[in-house]
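Visitor: These are the residues of each chain, in order.
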Amino acid sequence: MAATHAVEPQAATAPAGPPRRRTPTWSVVQRALQYTLMALLALFCVVPFAWVALTAVDADGGPTVRLPAFTADNFVRFFTDSGTPRLFLNSVIVSFAATALNLACGLLGAYGLSRYRFRGRRTFMFGILLIRVIPPPATIVALYLLMVKMELDDSYLGLILAEAAAALPITLWLLKGTIDAVPAELEEAAWLDGNTRFGAIRRIILPLVGPGLGAAAMLTFMHVWGDFLTPLVLLQSPDLYPLSIGLFRSFTAFHQVDWGVLAASALVYMAPPAVLYIFLRRHLMRSSLGGAVKG
Amino acid sequence: MTTAKALSGRPIRRRRERGVLPLLLGPSVLLIAVFVIAPAGYGVYLGLTDTQLTGWAARDPQFVGLENFRNLLGSEDFLASLGRTGEFVLWSAIVGQTVLGMVAALLLRTKWLRGKGLFGALVLLPMVVPEVVASLTWASVLSSNGDGTLNRLLALFGSGAAAPLQDHPMASVVIINVWRGIALAMIMFQAALEDIPDELIESARMDGASALQVFRHITLPLIRGPVFLYLLLTTITTVGVFGLVYFLTQGGPGQGTELASIYIFHRAFQYSQIGLGSAASVILFVLLMILGLTYARLAKVEV
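Chains as they are written, first to last, in the UniProt record's numbering: chain A, 1 to 295; chain B, 1 to 303.
Treat the hints as calculated values from the structure; they're not laboratory data.
This list has only true hints and no planted wrong ones.
What the simulated footprint calls covered on chain A by chain B, stretch by stretch (three residues with Cβ under 8 Å from a Cβ of chain B suffice, anywhere in the stretch; the number is not a length):
| id | stretch |
| --- | --- |
| 1 | 33-45 |
| 2 | 50-61 |
| 3 | 102-109 |
| 4 | 241-251 |
| 5 | 267-279 |
Computed from a predicted structure; not experimentally measured.
Where is the CB? At the ideal position from N, CA and C, for every residue including glycine.
Throw the hints in and build the complete structure from the sequences for me.
Guide: Structural data, given as structure tokens:
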């Protein structure tokens, strides 16, 4: 037993030595350095999350990362508090409605952009992308006044329309690319079988653009769910506030911050996009990064 | 037979279906026109007026030409907010995210390194988080009452308590923005690095080049295009950062973190000077355009 143990490292080092270039100390230092870098970067990215996760289940949560005295009380308080379930519901309503509207318009529009050749098509595609270069804070003031004029400020509808429109350029680009990849012959065959154009879209295109649609849905949903500026400006009624504004209010309104409930709220707030991300990540990689990451 | 039929059938279908196109594109065009393009154009017009949110000018806004622009360019507050935006972009986007993103991407390319998969996933996490949650978690870490994670760590090293959000507000928000942005940089650089053949780097190493020399003379020139594309993207995003900073500092303390985006918000909604805020938006946009075109040029030069 002892003998084999002694032989083994020798056998391992002897053949491995020569082919590797010979600066063992330097390479050890280099490796140590790289592992340290990796660990530090990983810690930097993870420690704030550790706080959210641990404090949310801590009976006596504070702003420090520490082992929790386990309790589910923070969540109970989040969901039984008079105002907070409403915040969550508002976020759900606005995000789902905006995403659905965005996808419906985007799918039809992208189909038109992909299958029809018309004047100004390329200009339109580049135009909508270029206009997205303007940072949101630069147009929010004018958007607010327009909304007031259209009497759409301080309403679900106004927020939903604004959010759906803001994410539409990306959706159109993403879905146009996906539909381009579906051979037109498949559709033509469906027309010959007696399908209308819209019938063919439903039967042929829709099932084949699943990944692109999933990616667009995820990006739009995350954008709307996480948005802070648009609801902050467009909404005045606390009844309509989404979670992002609710968290901001409860963080800034009182000097005594209830870290436990805030962490629980943050966790609840993060859950829907995180779940969506886990389900749709593969599609996202395939469609939007497909070109760059080469498969 | 079938193809002939399809071909002969098509022109008729196409002609009859010309009317379908407006139906397909209509909703998208309408939404984008009303909620994206109209605000942009309306903003330019508002910048030329003295529109107020409340008060007499709210009822009867006057066309004032370039007065707002003249006022802004002579206003120390506005120029300072532009300067802070520049500082924010320089440190968080150009220096921080790019360097750390590159380090992460290079680590992921190292062959013998273990735990790369886990590392890659962990670095991606901050990107998925809504900006409000990012602000909230960092508010806890940086909490100044001596009870935040940072202060506990400092205490371990025997150092006194720090109040980073009050004493170094800009550095704090820069670090938080870097945290959120590393992942995108890493993904883009990783994709670019994939395209460099291993043999190229190995042969350079054989010839005695150090890791740093290889990076500087081989890797960097080859990924120049993606790097500038990334810089363009991240600059646009960083100039647009609002919630992250507003949540933590509301532009303060004093005006320590009043970026241009927050200046616009304050002018329009706190001081109700819609015209002035809109003019500031236009200036910000023009500056961003110039910067963007410069990047685009630099990227193209040697791609």
